[in-house]
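Undergrad: Spelled out, the chains give:
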Amino acid sequence: MKYSYFPGCTLHEQSKSFNQSTLASSSALGIELEELKDWYCCGAVFPLRADDIMSLLSPVRTLIGAKKEGKDLVTLCAACYQVLKRTNYLILEDREKREKINNYLEEDYKGDVKVLHLLEVLRDNLGWLGLREKVSHPLSGLKVAPYYGCLLLRPAKEMTFDHPENPTIFEDFLKSLGCDVPDFPYKTECCGAYLGATAKDVVSQTVYNILHGAQKRKIGALIVSCPLCHYNLDFYQGELMKEKSELTPIPIFYFTQLLALALGLSTEVCHFEEHRIDPLPFLGVIK
Amino acid sequence: MEIKATLIRDELYKEIEERSDQKILNCYQCGKCSAGCPAVAFMSLPPHQVLRLLQIGSNEEVLRANSFWFCSSCFTCASRCPRSIDISKVMEALRFLLYRKGITPLSQDMLDEELEKDTPQQALVSLWKKST
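One line per chain: the protein sequences are A and B, in this order. Numbering-wise, the working numbering puts 103 at position 103 of the first sequence, and it's gapless, one number per residue. Plus 1000 on top of the position in the second sequence (first one is 1) and you've got the working numbering.
These are computed hints drawn from the structure, not numbers from a lab. Since we're looking at a predicted model, the values are computed, not measured. A virtual CB, placed ideally from N, CA and C, is assigned to each residue, including glycine.
Quick list of the computed label-pair ranges, beta carbon to beta carbon:
hint	chain 1	residue 1	chain 2	residue 2	range
1	B	Ala-1041	A	Leu-247	16 to 26 Å
2	A	Phe-272	B	Ala-1041	30 to 40 Å
3	A	Met-241	B	Phe-1042	14 to 24 Å
4	B	Asp-1021	A	Ser-245	43 to 53 Å
5	A	Ile-286	B	Gly-1102	46 to 56 Å
6	B	Lys-1023	A	Val-285	50 to 60 Å
7	A	Asn-166	B	Asp-1021	20 to 30 Å
8	A	Asp-94	B	Asn-1026	12 to 22 Å
Could you build all of it, start to finish, from the sequences and the hints given here?
TA: So this is what it looks like as structure tokens:
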């Protein structure tokens, strides 16, 4: 199984924990991810203004690069996935804008690259039972809940990833790894996204609600697929714990870190040193 | 508050509709958007009131609010709206009207070195694109 791979700026630069655990696990599963030779920052947010054509050019250039490689395009970061997938949808559905965009570019792009999230590749090509068979170190005894956030799921018509408010793909993934997966009603609540720099209070509040919700359900850890969700839940958790004595630490994992552990790969690819909330005490309870 | 027919659907209103590509008059004030908004407690006007004031021509009052700077584009409102209005797009149009005039919640000293070092690139790019 060969795919083109778009890491995006955060995985490329900062989140070694996400990038390296992804590359190591994929290769162990026979999923070959080949980084695009020519890629650009996706812009991190999908342009919501109808007349903002300029912000669409860099994701379209990346999609054109992927088309040249001739393989489906896999990405991990929820923001990259959102921008690339919505851009592709727009190119397919909106003829007027497609023509306008192509007038700026050297190529005539028609929206024919398939944009996939690694979870979709696992589900559709390996299957959850297939993944279960590859797991050499089941994570039995770990009570882990998924935290989807927003960008993977909404708007559902364009993302077509899972149900916008009651998704289950992460639950299926965690069960394949052998985890105990409780129901987590906060799994699609917004973490506050990029508001931390201008409005810290918003992120503190949303993160507190999510963590407190997890703690009440005795959830030991959360998994994410978004570097910004990870930062907010991990970094702000450290800040919150200074003031809120009722909070107990809940480590935040990228889903690929748990995948790497379940496949028996070295913990080095997980780069746990990047975490503010130390995940090692939690991992000690694997049965 | 005085409501004048001449204020309804004025030029500014038309610009907001055009830039957001949303039909604001479709809103029938059910309040689902405000009920599910993760940042509503911080907004000076909840999302459904933003739409109502735009409907009755109180555009200036809307532009004085801070609501759009707190919208994180999580699309919860958009996925629940029974009238299929994507309010995050209306919020984006409102932000655009302001930062075009040089009004933004960003300031140069906002990011200290430590925060800049730890914050993911994704957050910084998002913040800049949403505020400038």
